[in-house]
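A.B. asks: Here the protein sequences come in this chain order: A and B.
For the first sequence, my numbering begins at 1 and goes up steadily by one.
For the second sequence, my numbering begins at 1 and goes up steadily by one.
All the pointers check out, no bait thrown in.
Anything over 10 Å on all C-beta distances counts as not near chain B; from chain A, calculated:
hint, residue
1, Val56
2, Asp120
3, Ser197
4, Phe216
Beta-carbon label-pair distances, calculated as ranges:
hint, chain 1, residue 1, chain 2, residue 2, range
5, B, Arg3, A, Gly200, 38 to 46 Å
6, B, Glu142, A, Leu181, 40 to 48 Å
7, A, Val60, B, Arg24, 39 to 47 Å
8, A, Pro224, B, Asp65, 29 to 37 Å
9, A, Asp170, B, Arg163, 25 to 33 Å
10, A, Arg35, B, Gln58, 21 to 29 Å
If you're looking for bench data, these hints aren't it; they were derived computationally from the structure.
Since the model is a prediction, treat every value here as computed from it, not as a measurement.
Ideal placement from N, C-alpha and C gives every residue a C-beta, glycine not left out.
2 protein chains.
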Amino acid sequence: MPRNAVVLLSGGLDSTTVLAIAKREGFEINAMTFRYGQRHQIEIESAQRIAAQARVAQHVIVDIDLRMFGGSALTANLDVPKGRDVSEMGKGVPITYVPARNTVFLSFALAWAETLKSEDIFIGVNALDYSGYPDCRPEYIEAYQRMANLATREGVEGRQNLRIRTPLIDLSKADIIRRGLSLDVDYGMTSTCYDPSADGRACRECDACQLRIKGFAANGMEDPAQ
Amino acid sequence: MPRNAVVLLSGGLDSTTVLAIAKREGFEINAMTFRYGQRHQIEIESAQRIAAQARVAQHVIVDIDLRMFGGSALTANLDVPKGRDVSEMGKGVPITYVPARNTVFLSFALAWAETLKSEDIFIGVNALDYSGYPDCRPEYIEAYQRMANLATREGVEGRQNLRIRTPLIDLSKADIIRRGLSLDVDYGMTSTCYDPSADGRACRECDACQLRIKGFAANGMEDPAQ
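For reference, chain A alone in the conformation it holds in the complex (with noise of 0.2 Å):
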């Protein structure tokens, strides 16, 4: 029987790429989407499209307001940042950071491993491109692998099996392309962009959108979602 890990999908670029990896390693996909205020809602129906193409076991969108938290421009009315330089983009926390919204993503998906009991979390979180959110960095994964052992019932009876898995947590955003299309994925299907319009289309200068170009063109290609 195959093992069952929790994917968290959000609909971009890179959820999709680990999405496609999880299942290339034979594992049953429980993939969990998060409604939590966002602006660009229409990641929901491209994770949706997803899940459905990828044959999911099993995929749930989780109803949360992380909005009343406020400070992001990604659920507050603040404006997205357009046109920076890439190289600035490591610098500090971005304006798009949204509070404790990997802690929070990951509890939820710790309480359904749990109930699946599900060994495997997998996290599209990546340290090279995004060094500016505090919670996509290793040592942050790792503190939170430590303590999500602690915190369930295989915590209590000593065994410390639960892995939060990172496969882009080091690769650039050409070496994600390269090894999702070398896994078949459609990115085409994905939406990365912070701010689209209202039909959905990406805005090509907020920071997500040029990582994106950037990492299409070092791959020769252009950008089947844009």
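Starting from the known structure of chain A, arrange chain B on it as the hints suggest.
C.D. replies: Only chain B this time, still in chain A's reference frame:
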């Protein structure tokens, strides 16, 4: 200016005592309560009355649905154990355990604390009477605090000041009640029962009721909420 604290307030005996302790320490209180699909929703009304009486700065009710994960008598349609011997309660993980509940609750508290620039999150966990719950143990709380200090903007900037405050962690129920009475906590306002009647009366037989009744008896009192 008083410092901000986030206080997880369920409306039960423990968290109401914690709220009084945080107030006595001089904090401005930001109380957070979860509507998570629990059977005992009466506790949310109790939390609202308790927060109002304590004149908290803010009280938020966060809607999340932990029922999707199943596996707990507190959220699913399973029988809450009644009439168990108190000496049996610390053995094994009880059926009233909700997968990763404290991890999810603390993660929302962390997001709020980051937004409020608060360095103190209070939670009424207790390792003595609830030793069967993995996420009430000191080693879990320490691991959570370590993770939380890497999860936020402050973590990136090298500050590690966030504290998960657990003033009840090694107290008996009788000690908790004694402490609360010294702080003028009105325990008649609190709801603890895992399986109250439709009009909000406690069952007096579940683990939570029994521990309460015993704790008040040790202080020479009847439980004012029963």
